Structures are given as structure tokens and as C-alpha cells.
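Engineer: Next come the chains, spelled out residue by residue.
There are 6 protein chains.
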Amino acid sequence: MLVSPHSSSNPKMIFQVLFIVSLLITSLSSADIAFDYCVGDLTLPSGPTGYSCKDPAKVTADDFVYSGLSVAGNTKNLFKFGASTAFASQFPGLNGMGLSLTRADLEVGGAVPIHTHRVSELIIVIEGTIIAGFIDTNNTAYYKTLNKGDIMIFPPTLLHFQVNSGSTPVLAYACFANENPGIQLVTTSLFRNNLPSELIEKVTLLDDAQIKKLKKILGGTN
Amino acid sequence: MLVSPHSSSNPKMIFQVLFIVSLLITSLSSADIAFDYCVGDLTLPSGPTGYSCKDPAKVTADDFVYSGLSVAGNTKNLFKFGASTAFASQFPGLNGMGLSLTRADLEVGGAVPIHTHRVSELIIVIEGTIIAGFIDTNNTAYYKTLNKGDIMIFPPTLLHFQVNSGSTPVLAYACFANENPGIQLVTTSLFRNNLPSELIEKVTLLDDAQIKKLKKILGGTN
Amino acid sequence: MLVSPHSSSNPKMIFQVLFIVSLLITSLSSADIAFDYCVGDLTLPSGPTGYSCKDPAKVTADDFVYSGLSVAGNTKNLFKFGASTAFASQFPGLNGMGLSLTRADLEVGGAVPIHTHRVSELIIVIEGTIIAGFIDTNNTAYYKTLNKGDIMIFPPTLLHFQVNSGSTPVLAYACFANENPGIQLVTTSLFRNNLPSELIEKVTLLDDAQIKKLKKILGGTN
Amino acid sequence: MLVSPHSSSNPKMIFQVLFIVSLLITSLSSADIAFDYCVGDLTLPSGPTGYSCKDPAKVTADDFVYSGLSVAGNTKNLFKFGASTAFASQFPGLNGMGLSLTRADLEVGGAVPIHTHRVSELIIVIEGTIIAGFIDTNNTAYYKTLNKGDIMIFPPTLLHFQVNSGSTPVLAYACFANENPGIQLVTTSLFRNNLPSELIEKVTLLDDAQIKKLKKILGGTN
Amino acid sequence: MLVSPHSSSNPKMIFQVLFIVSLLITSLSSADIAFDYCVGDLTLPSGPTGYSCKDPAKVTADDFVYSGLSVAGNTKNLFKFGASTAFASQFPGLNGMGLSLTRADLEVGGAVPIHTHRVSELIIVIEGTIIAGFIDTNNTAYYKTLNKGDIMIFPPTLLHFQVNSGSTPVLAYACFANENPGIQLVTTSLFRNNLPSELIEKVTLLDDAQIKKLKKILGGTN
Amino acid sequence: MLVSPHSSSNPKMIFQVLFIVSLLITSLSSADIAFDYCVGDLTLPSGPTGYSCKDPAKVTADDFVYSGLSVAGNTKNLFKFGASTAFASQFPGLNGMGLSLTRADLEVGGAVPIHTHRVSELIIVIEGTIIAGFIDTNNTAYYKTLNKGDIMIFPPTLLHFQVNSGSTPVLAYACFANENPGIQLVTTSLFRNNLPSELIEKVTLLDDAQIKKLKKILGGTN
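Residue numbers (my numbering), protein chains in the order written: chain A, 78 to 299; chain B, 78 to 299; chain C, 78 to 299; chain D, 78 to 299; chain E, 78 to 299; chain F, 78 to 299.
These aren't lab readings, by the way, just hints derived from the structure by calculation. Watch out, some of these pointers could steer you wrong.
Repeated chains share a single entry, so a pair holds when one copy, or any two copies, can fit it.
Said to hold, decoys possible - Cut-off 35 Å, straight-line C-alpha distance, at most; resulting in silico cross-link-like pairs (DSBU-like, lysine-lysine):
hint: 1; residue 1: Lys292; residue 2: Lys153
hint: 2; residue 1: Lys290; residue 2: Lys157
hint: 3; residue 1: Lys135; residue 2: Lys290
hint: 4; residue 1: Lys135; residue 2: Lys292
hint: 5; residue 1: Lys225; residue 2: Lys153
Quick caveat: nothing in here was measured; it's all calculated off a predicted structure.
The whole structure should be built from the sequences, with the hints applied where relevant.
Structural biologist: This is the structure we're talking about:
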């Protein structure tokens, strides 16, 4: 037996043990204080791989918990789609952790517009029914109906979408393999800025009238 | 305008266009057929980064969808904890995607035993209330009560746990930053094998009686 | 001096030195034979990170050289754009090297259609003038005129394009930060497959007529 | 149809739509502002993976374009070799992008001295003829003549070189799989510093006279 | 011959050569000054991948050498185990280098307590005999006796241990695949903090008495 | 004299050397369904990131232990340097683990020739005294005397060396941040193959006589 109850009940011995163990622990883990986690400090410079780390001495359990997804995003929009996101900029505890989460609410007839992002997405349907799919670089479309409890993986970067194909609202969660997935919606990317219509026409083959109509709806110019 | 309705209604022109576009598309994306995704083929050799890829010609939408999490795991066990996992070995579409998912069901009084894995975990509470936490390499414990809709991040490798702290069953999903997180439960790792009790005693400081008691409960020998 | 002319001119001594050095070299580098490079063998299984390696004993200098880019791609298509690609599937010497190259030829009025891929792209203009740009995830468009010798970086995944804005043909090379960048053209992804028009309408906000028109031109169905 | 021309021509409705879409867009992409790209700010601290990011609010299209390669590097030197580099320190838009580019000009009889760097290099010959090659860790040399339009891949770290083997000047571009490849020339590394000649002799087997001669030419001491 | 002894003995020519070569060298490697290495500056912000880099102009050979492991760690503790660590926080030259080292001294009867860390560990026995092992995620234990000169690899994250099984003190070195491996000792993680005993009981199945006994020895509360 | 004909012409001694080397090169192993480890199976195809995994069902503790470093490498060579390597090809348990180890033995006056490899190296001196150093891409040399117990880090790819600067043999261990570091010795790379002398002259500035002399010693041709 390494420690007898007797000796461990000896206060002097306990103090000695604690002091020694503290040395042991310090020497073993001091290097890791800042790197077990790196809660983002958005006031410091950021680098290619994320935000700078918040002072570990000021980190508490609250830094690792986020409640923002308990509220549905606003679905009163063209897509009848509400998104609540937990990315590193909203939830800095994710900084460097390689994961983030989005809550998607879809009204009846709603859709997550076709989009892309740097990393994989894994979606789970909590309520309702959707048709979800993606298109690969050979232009093959893979899509399927997902019911409550079904999950689907969307490979990195490939264009994908989800549509409420049922008669009730949809609640789903999407997990991403990065704390900042970089979500880009094709339609808003094309029509909600100052890209000249003629340029868009050349690079998409869309008709001028269609382009101008969507620019008007989405707030684009030129 | 690049193509007039007139010309595009010319069958010969359409054939020409399709032929030309097919050349264009082939030359642009043929290299990517096997690498937009790499659905695991568990009958082929695996490597450090995952399974070999299933023949892309045989891949269908079904390869990217999994329904196994719609069923709760068995909770009739010591921890009153049921886990349904969607890792690459159950859901080969995850191979190379860097994401996986587990459904956790906790009866009243149940717990996810303290465990570790290679990658980050992001958990979301769907039903019930839990106390979740992790311990860093300075032995500081970070734990907090999570209610429905709350999420918490657990850094890579650090020991962590979840306990049903409410009066109703808990349903939660945990997303992992790898298709094979490598989940290791401390208690079963120590007591459910043939590690000699004396060895366990030396490397844990646990009493011999405690070790033998848990070995008996969990099926360990020596 | 380590080796005197005298001793090194002793044939027996030279044999001994060579024998001994060969042992030294073998023990130092035998581990690396297969891993200095991994020329792709497309007949073996592939994995998430690339093709299996060709037998190193059969590798020659030819495996590391490719001449396919000396020929312009066919520009007789809707976009007046020809692409010659050197990805790992055409040039297996690139397997595992993290780089690939495409030659882009643009006729007057031609364009590289808006597209995306998993990795960064760095383009250099050899002949002619283009307007090149990308759109970030806040829908801000960054575009500029590039002349001979100018280079531009396109961040991973973000939608981008190049248009011949001059009065002469354009020759440009694009380098990618992966041997299989996974190039996806938005227009062909949407309209050159069997995605139902109604689905496309919901996820893009495009008009039904526009969708059907482009499906007809590009060979899509439904 | 999601939006009728009628309703979209209603100014109040448009304002409403824009407001709602702006919410949608904000919630979807705010996390990514700093991470779609990370233009290097060389005045801030740098980390192992690159420079800190320039304030995204100050980023313009100019940050992603570089014209420095339109000018040939000075070839009036021992190797008759001129290099113009576009690495992150000259072209901060490359920071975190994993790509960089060098223009190589070789006079008749010129050579890119044998060198090494951390990452792969992919070279394309624009004008002239070269003999290019590398040596693997088994001391096998792989070298070949490259003509206009040919490309060659050089694996990470392995010693390699390019020599103008023709009767005209050579223009070539080399793409690297990192924004800071870390190019090291063997000859200047050995002879252009204060490494004691005896030390160089021991670790290279070169003769003392040869070492001192090259130190004199290249500016080394000791 | 590129440079004749004659010309190189011409002072003017030498100056010219040095000037030209300096241009060449500058243009080739200026981008890499900060990135050949990134000696950690612990006074600047850190990020997910490590510390900020010390000003390269102030870096000397001393930054890359560390003598702290020549002294044995204190073995007067419960485990009769002394650890001297060379992690990036003690030896900032390791920052970004992906390696670190620990010296382990074990008295007769001593043990490295069961622990885990983010990365692989490769151990070599310099003096003495140990029993070393790890447990995989299937609860299978792999352990073996190691004598002087033997090495053993411990996969990332998996629980592992080393015990002095001989009659003499043990000296061993452990190399880690990261400059900050994040070493976590199971016993001190569980019993040297304020985790409520009831919580520990639920997530480990340990008896309340055992938990309280070890908390007392190790300095835990609650 | 470097090699006494007497000792090295002793057939028994040569047989012993070959036998020991064959032991170093011949040892095989396995991996796990959940990828806890991936012991290399050298009979299956390899990929860019390593060997295929051995059937996990056949894995034993022996797969993770290697004794080959308990034997010194042969130092009867030009550099008076013996290397015993534990790379994945000799010790397949390292496959995918990101670590490897080499034992270096240096006779009095011996040296590890200047070399490079893909990854960082961390060396520890067990016996004797060395001068160790590296050169950065600005041609600055960082070198220092290391005594027993000192460690030094060598950044990835940069040219580096170790020289026995004492009056006793040196024993040191070098840990690498990859299971296959890809060690390349500059001198043998240049002079132990069929690279034409004129080519070497152009890319190194070495004199023709020096090149031919070293080719003769090291077994190069042309």
C-alpha cells in the first residue's frame, strides 16, 4: 500500500504530500495552462487559425457554455428560414476547438438556400421532414427525404440545401467541422452586392432580367 | 446575351453545346470524382487517416444518410446511460469528413461516465437538465447546469462527464470533430480487463479492495 | 583532413568505404523510400487523403513531369473558356504533394464561370487582361482588373470568377493548394442534373422559366 | 413562386424583405468576417502559422492582388539567376492561404542553385528549356529536360535544382504549397556565414581549400 | 567554371558579387525570417496553435537549447516519480515545432500515474526496468516489460502508465508529438479539486469512502 | 586512418553487421477498428500519410515495443557516425503516430553530416559533448556546445549537423515529429549518384576536381 491511513492522517505528512504533489503537478502541466483550451478574446489580434486566447486565469465554466441556440432564428424572410448560430464569434469558447453548431428553423414551405462552406456539415432532424441534398463536382445531385432522428453528412465545400417537405415546421441542428465554417449563400452572394449585372450574366448564364429582378429583391446594385 | 432562346431551341445547337460542355466539365472535375467524398469501404485496407474509399460509381444518396440515432441506446446498465453512435464504422459516409455524432439518453439519476477522446465534443441538450463538466490539466474542474437548448464545448482529450441532474429523462446529442473520436471510459478502461490489481493500485492510488470490487462488477480479472 | 588522396586511391579501401557507407545510408533512409513521394497508383484503393502509392521501385523521373498543359483546352463552348488541368488524376505524381495547376484559355468575351473549390487558388495572367474577383461570406465582392504578370489569390471555398475584359485572348495559370481542388461550377451544378426545378426555385429564388431555360441549354432534366 | 413581381415592387415590402434578409445574413455569416481570409498585418505579432490578420474592415480588393512578379529579378549574379518572390511578407494577402509564387529568370548558362524548402514546389516553364531534378533520401537523382509548357513537381524538403540547358533565357514560375516556403540554398547556407571551416569540412567532407575559396566568393568568415 | 580565381581575387568584383548575392538572397528568403522558427514570446498574446513569435532579430542559439532536463525531478512524492519537462512554456524554442521532451525518474517502487495527453508519446528507457502499457478504447490493455534501450509508443489520448518493476531507480525520456502535450493525471484530476464527491461517485462508480480518502490525501474538497 | 582493412575485411564482422542491419529492417505489426492506432502492414498498399493498418485482431503489446535502438549503429565509416533508426519501416507501430527516434553514436572526431528532413528534430545528449547547429534561410548559423543532458531543437527542413567536440564517444537520441522524417544527407545526395559533375558544379559552385574526388570516395558516377 502506498499510503497508510495512519501516515495520511498525520497533518505534517499531509502538508508535505500536498507540497510535493503540487511541485509534481506544476512541473507536469504548467506548460498546458493556456493550451488545454483557447477561449477567444475578440479584442486581441486574430490569426489564420483563430482568435487570440483569453487570459486563462479569467476563464470560467461560463466560457464553455452557450444558450443562444435555445431561441429560434427569425423565419420571417424570403426563405422562411431562421438560423441561430454558435460560431466562435458568438461563442468564443469554440475558438480552436474545430466545431460549431447552428440551429435551423424552417416554416412550412421554408428552405435553407443552396450554400457552401469550408468544412463538413452533419445535420440532425429534431422535428419535421426535409428533403436535403448536395451536388458533387460531376454535377450529380444526391438528395433524400430525412425524417425525425435522421442525420445526413454534407462534404466540405459542395453546394447543398435543405427544404421543409412536410406539413409542419422543421427544427434541425447542423454541426460543422470548424468553429468558423464560412457559410456562403449562392443567391445572396450573387445578388446582394454591387457586382455589375453584365458580369454576373457572363459568369452564370442567367438572363439580365432575372439578375436585375433578384438584385432588386435582395438589395443589390448595378 | 450569351445564348438566344432561338438558338438554344435548335436541336443541333443543343447537341453541340452539350458535347462541348461535357468536355469542359470533364476536364474541370474528373480529378475530383473520388475525392469530393470518400465513403468508407470497410472491406478494403484502412490507413492512419481512415478507411479506403468505396467505388464512387456505386455511391448513392443512401451512403450519406443514417437513421440509427432515431433509436435510443439501452439504458439498463450501471450508469443508466444509453448511447447510439454514428461513427464512421457504423456510418461509413462519415469517413474522411471529420465529424461524427452520438445520441445520449440518460434515465433519472443516470450519468455519462467520466471519459476522454482525441477530439473536441460539442453537446446540445434536447430534453431534461444535466450537470456537465470537464477537468483541465491543472486539475481545475469546470462544470455547470445545462438546460434544454444549452450547448457546451469539451476540449480535446480532457476528462469530462455529464450527469442527469433533473427529475426527467435526458436526451442530448454530442458532435465530435472526427469521424472516429476514440471514446475511452476511465472506469471500464481500468476495471474491465486483465490489468493486475497491484498495477492499477500503483498507478491510481486506489485501494486494493475498491479495485477488486469494481473488477468484479465490470468483469475484469487479476 | 578526413580522407587522404592516398587512402582514397586504394581500390580495396574504396570498396570498404562504399560498403560501409551503404550500410549507413540504408539505416538512415530506408524508412523513407515510400514517403519521399507517393506517386498515385489509380488501380489501388484510394483513401481520404489521396491515392495509394505506386511501387517506389518503378518510379522514374517521368512520374514527376507532365506536358498536358502545353495544349490549350477547348474554348468552343458557352463560356468561351478552355481548361487544361493537371490534377492528381491526370498527373499522379502530384498525389500527396498538396499542389495542382490548371491552364485557362479565354477567348475574347470569354469567362471562367463562377465556381468554388476546397482550397486556395493563386492565378497568374500570362497574356491578356481579365477582371477577376470573389465574394466573401458577407456578400462583399472584391474584384479588380489584372494585366499580364499580375497575380491574385482566391481564398478557399469562396465563390469567384475571371472574365476576359480585353480585346485579345487570355492565357492564365491557376495554382491550387491541393492535388485535387474539387472545382464546382455553380451554373452546371444547378442546371446539368435531375434536381427538380421546383427544388432549385426554392433554394435559389430563381424563376421557374429561367431554371427550365438553363436546364434545356445545359442538359438538365425535371 | 416565392416572391411575385407585384409584391416585390411594393416599396414597403421591399424594405421589410431587406431588413429581414439582413438579419438572416448577419446571423449566418457574422462569425466569418475575419476568417474568410486573413490578410497579414506585419506590424502585429506573428504566430507559428502566420501573421496576425489585418482589420477586415480595411481590406480591399487591392489586398488580394500583387504586381511584383511582372518584373524580372536581377540575374547579374554568380548563378545568372533572378528571383521575384510573392511570399506573404511581400504579398500579405497570401497569409494563411497556403500558396505562394516565385518568378524565376535564368540567363543562358544560368541555374537555380540546389536548394530545399518545407513544402512542395510545382514549376511551369513559360520560355526556354531547362534541366530540372531532385534527389531522394536514397540518393537517387530524378532529372529531366523540360520545355515550354512542361510542369514538374518537387516533393517537400528534397534537394532540387533547375538549370538553363538551352540557348535562350528561361522564364518559369514556381508555385509553393505554403505562403512562406522557407527556401534554403545549400551553397550560400554553407559558405555565407561564420561557420568555422573545420566544422564545414567535418560535416561535408569538402576540402579545406574549396571551403575557404567559396567563403571568400560568397562572403563567409572563419 | 563560374568564377575564376583571378576574378574572385579582384576586390571590386568581390564587392559586386556580394552586393548582387545579397539581393538574390534577400529576395529569396526575406519572407521566411519569422517562420523558419517561431521562438515563443510568452509576454505576447497566444493563439490556438501556440505562442506569438519572439522578434527574430533577437533570437540567438541559446533560444534553441535547454539544459533543464539534466536535473532529475523531485521523486519525494506519493508516486516516487519525478518529472522534468521541456515544454514550450519552459523551453519557448519548441513553440510551433511539434515536439517536446520529459525526463522521468522513478525510485524503486515508483510509478508514472495513469494519464492521458493529446498526442503520441515515445519513451526510451535509459536506466532500469519498467512495466509500461496503455489501454485502448475496447478496454484491452497492452503492457510489457521494457529494459535499457527499449522504446515504446503510446497512441494519442489513450490512458497509459509506467511502473518501475526493477530493483534499481529508472531513468527514461519521453518524447511527445506536440510542444504542449497536455498531460492529465487521472487520479489528481479526480481528487485534487472541488468536484463534489457525489458527482465523482456517479461518473466513476467509486465508493464514497474511497473518494473522500483520496481527496484528503491529494487536497481535494467537497 | 578511417577504416582498418583488418577489422572491416574480417568476414565474420561483416556478417555480424549485415545480420544486425537485417534485424533493424525486418519487424512487422497492426491497428484498431476505431483507429486508436494503425500499426503498419508493409505488405499492403501505402498512402500519402503512411502504411495501411495491420488487422487489429492480430495486434499485441509487442507491436508497440522496439528494441533495435539498444544496439549502436556501425561507426566504421567516413563520418565515424553510427545511426540506429526506429522509423515506421523498422518499427511499424509508429505508423500514423507522428513520432520516430534515432540513436546516434559518434566516435571521437565523428560527426553527423549536414542534413535535412521534413520535420522538427529534438536531440538529447546522453554521453559526451557535441557542437550542434543549424542554418536558417537567411544563412545565419546557430550553433552551440551541448553537454550531457542538454537538448536542442532543429526546425523543420533547415540544414543542421552535430559534431563530437569532446575526447570521448558520444551517445545521443534524436526524436522526430514524424514516423518517417525523410533524412537527406547533403554530401551523399550530391556525390553518391549519377548526377553529371557539370550539373553539380553549376548548382553548387563547387570545383570540378572537388566534385570528382568526392564522387570517387562516395561511389558516384559521371
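Engineer: Determine for every hint whether it applies to the structure shown.
Structural biologist: Hint by hint, here is what the structure shows:
In this assembly of identical chains, the alpha carbons of Lys292 and Lys153 lie at most 35 Å apart whether taken from the same copy (19 Å) or from different copies (30 Å). Taking the closest pair of Cα atoms, Lys290 and Lys157 come within 35 Å of each other both inside a single copy (19 Å) and across two copies (26 Å). In this assembly of identical chains, the alpha carbons of Lys135 and Lys290 lie at most 35 Å apart only when taken from different copies (31 Å versus 51 Å within one copy). With identical chains, the CA atoms of Lys135 and Lys292 are at most 35 Å apart between copies only, with a shortest distance of 25 Å across copies and 47 Å within one.
Taking the shortest Cα distances, Lys225 and Lys153 sit within 35 Å of each other both inside one copy (24 Å) and across copies (24 Å).
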